[in-house]
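Colleague: Dock chain B against the given chain A, drawing on the hints supplied.
Listed in order, the protein sequences are those of chains A and B.
Sequential numbering of the first sequence, starting at 1, is according to the numbering used here.
Sequential numbering of the second sequence, starting at 1, is according to the numbering used here.
Be careful, since some hints might not be right.
Copies of the same chain look alike in the list, so a pair counts if it fits in one copy or across any two.
Unchecked claim - When the alpha-carbon atoms are kept at most 25 Å apart in a straight line, the in silico DMTMM-like pairs for lysine to aspartate or glutamate are as follows:
1) K209 to E295
2) K120 to D67
3) K120 to E289
4) K184 to D282
5) K209 to E36
6) K187 to E290
7) K78 to D19
8) K209 to E285
9) K349 to E126
10) K209 to E307
11) K187 to D147
12) K209 to D153
13) K187 to E150
14) K187 to E289
15) K185 to E295
16) K187 to D292
17) K209 to D292
18) K2 to E307
19) K187 to E307
20) K185 to E307
21) K344 to E290
Keep in mind the hints are simulated off the structure, nothing from the lab.
Protein chains: 2
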Amino acid sequence: MKDPFRTIQWKDNYIRLLDQTLLPAQEVYLEIRTLEDLCDAIRRLAVRGAPAIGIAAAMGVALGVQDFPGDDRKAFGKRFDAVCAAIAATRPTAVNLFWALKRMKRVLAGSASLGVEEVKSRLIEEAILMEREDRLLCHRIGEAGRDLIEEGDTVLTHCNAGGLATAGFGTALGVIRAAFEQGKKIKVYADETRPLNQGARLTSWELMKLGVPVTIIPDNTAGALMQRGEIQRVIVGADRIASNGDTANKIGTHTVAVLARHHGVPFYVAAPLSTVDMELCDGSEIPIEERDPSEVTHIAGVPIAPEGAAARNIAFDVTPYHLINGIITECGVATAPYREAFRKCFLMKEKEKI
Amino acid sequence: MKDPFRTIQWKDNYIRLLDQTLLPAQEVYLEIRTLEDLCDAIRRLAVRGAPAIGIAAAMGVALGVQDFPGDDRKAFGKRFDAVCAAIAATRPTAVNLFWALKRMKRVLAGSASLGVEEVKSRLIEEAILMEREDRLLCHRIGEAGRDLIEEGDTVLTHCNAGGLATAGFGTALGVIRAAFEQGKKIKVYADETRPLNQGARLTSWELMKLGVPVTIIPDNTAGALMQRGEIQRVIVGADRIASNGDTANKIGTHTVAVLARHHGVPFYVAAPLSTVDMELCDGSEIPIEERDPSEVTHIAGVPIAPEGAAARNIAFDVTPYHLINGIITECGVATAPYREAFRKCFLMKEKEKI
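Just chain A, with the same shape it has in the complex:
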């Protein structure tokens, strides 16, 4: 089945972006023409989801250097660094953003003999390639994970790790979609995912477009459904995975993992290898973003708490590796010990040269 939308695309001289803050009420595509607008789009979650943020970062680098005048490579390098620094400052948790910046830096470093205009073109090409690759990776993640879902399963997912969080097809939702496209009769519970309701707004929207039966539940309801035996699998995405398998993902993921273990329900993470940060020994080293409390005290601009009430808005949490039954990447399903499994995946990937 064709993807029912395009999350992010490079156009001749701008980035075309589906504004996810307006979904599901409105399907509006933004035309991002400046670095400032791109950074703003990442910060306010117009584009969100670790892989999509990575692509946005790469395209942001390409966009941010286009109006550099002249052919001074050294000055161009400084401009490049300033662009990367601006993008790096938008959101701290998803490692794909930093991975994408590194990859763009490698392009710059690998084109020392070229003129500025040619480097600009190479950066655009790399960003476009990363978008294409990401869709391919999602399909491979889907294939790698689909057999973990059985006929008749009801699958719980948290937040949105779908086509909207990637260039297309999705990671956790990609696995669900691949199982559905095999003809398996499955159902999905989507945690609404407070405070910004990515589950209620985005996951339901995507799955409804694909024809996959989906039911929205408040985040506090999954435990009761597991207790009743109404959930057979959990699959979520990831924003950063430490080398030991500890996984940062949307706040509430840790809770779902604890509940799944308590009730004997298998819990899987699906993410591209670019989400794995081999430089981190464990999850305690992952920086966790805290966002404005007003996102908790207001919903769609409407206050739901007393004026002046204090609130906390921790955007992510860390699920320890021992609560994870498997991490599905484009190289297959990794299981503990994860450090060893990831090393093999990266080696495999290097040989394949994708």
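Modeller: Same frame as chain A, but now just chain B:
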């Protein structure tokens, strides 16, 4: 400290009720003059919380029979039964409602020799007595539980088990308030409690009025805070407790209990003995209300999900007794085995004749 509001009161010929659906934006007191309006107020949660629902039910019985004409005791009995049946049909889970109806039936049965007008007066007196008793019980629950909270503790609570859920002072919040009034420096995290945000709207409002430091969190955040060691105690209320200690309370309570056990945080329930249903062997016999899915897909009238999206709105869940460290009633802190502990409490209570 004086209670900063009155949840429910009998006035000469009507019930005065703080409309909790309008809090915290507006503090509006309803004048309930008909049985229909009383049932509607219970159904739409203008009055909510198991003990408060019990008092509303008792006052509803008193109100519902007042306009009975004549002095035919048999016909009066039929009218009385019809009134009770209407109230019993409003909400299925909180046992206090049925307990209150039973108590009113005892008044009727115990006044066989009296005329209709006198019985009407007795029913009003009983309902007023139950309101007074409930406030007294809450103070005793507070005293019984306050030593479970230590200086410097941060306490998590779910939903609202405060003065608003009772005639005043509260059960879970009564324990917190009693500890605070001992001079202990404590802080409270209030789960916002989707879908109707009783934590964000009501618990924060009450605690702010009392000067207790309170911070609202999404329901999916408590686990991450426990993981970081930022929560030392959990105290929640109850809607019905089976004789083995299995406890029905607001959806999400079970999740909090699983998280607390996983992270080694003590988990307490606070409720009057009228919430204990000795007729039930365990929690599987507790009827669980499911409410309209639109409460999940809309917040304050604003849609947060795609049009036509499916949602589930399970109002309560059951926390198994083995996840509960103690149940605080007006007779002290009961611990497992609960059936035996409750029997002793009821005996103690009978002797005291309160």
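Colleague: Confirm or reject each hint.
Modeller: Consistency of the hints with the structure:
1. K209 to E295: between (27 Å within a copy, 23 Å between copies)
2. K120 to D67: Within one copy only: 10 Å inside, 85 Å across.
3. K120 to E289: Neither: 32 Å inside a chain and 61 Å across chains, both beyond 25 Å.
4. K184 to D282: neither (36 Å within a copy, 37 Å between copies)
5. K209 to E36: neither (32 Å within a copy, 43 Å between copies)
6. K187 to E290: between (33 Å within a copy, 20 Å between copies)
7. K78 to D19: Neither. Shortest intra-copy (31 Å) and inter-copy (62 Å) distances fail the 25 Å Cα cut-off.
8. K209 to E285: neither (38 Å within a copy, 39 Å between copies)
9. K349 to E126: within (18 Å within a copy, 77 Å between copies)
10. K209 to E307: Classified as between: cross-chain Cα gap 12 Å, same-chain 38 Å, threshold 25 Å.
11. K187 to D147: The answer is within: 15 Å in one copy meets 25 Å, while 47 Å across copies does not.
12. K209 to D153: within (20 Å within a copy, 48 Å between copies)
13. K187 to E150: within (11 Å within a copy, 46 Å between copies)
14. K187 to E289: between (32 Å within a copy, 23 Å between copies)
15. K185 to E295: For K185 and E295, the Cα distance exceeds 25 Å both inside one copy (36 Å) and across copies (28 Å).
16. K187 to D292: between (34 Å within a copy, 21 Å between copies)
17. K209 to D292: Answer is between: at 24 Å across copies they meet the 25 Å cutoff, but 31 Å inside does not.
18. K2 to E307: between (46 Å within a copy, 22 Å between copies)
19. K187 to E307: between (40 Å within a copy, 19 Å between copies)
20. K185 to E307: between (47 Å within a copy, 23 Å between copies)
21. K344 to E290: neither (34 Å within a copy, 48 Å between copies)
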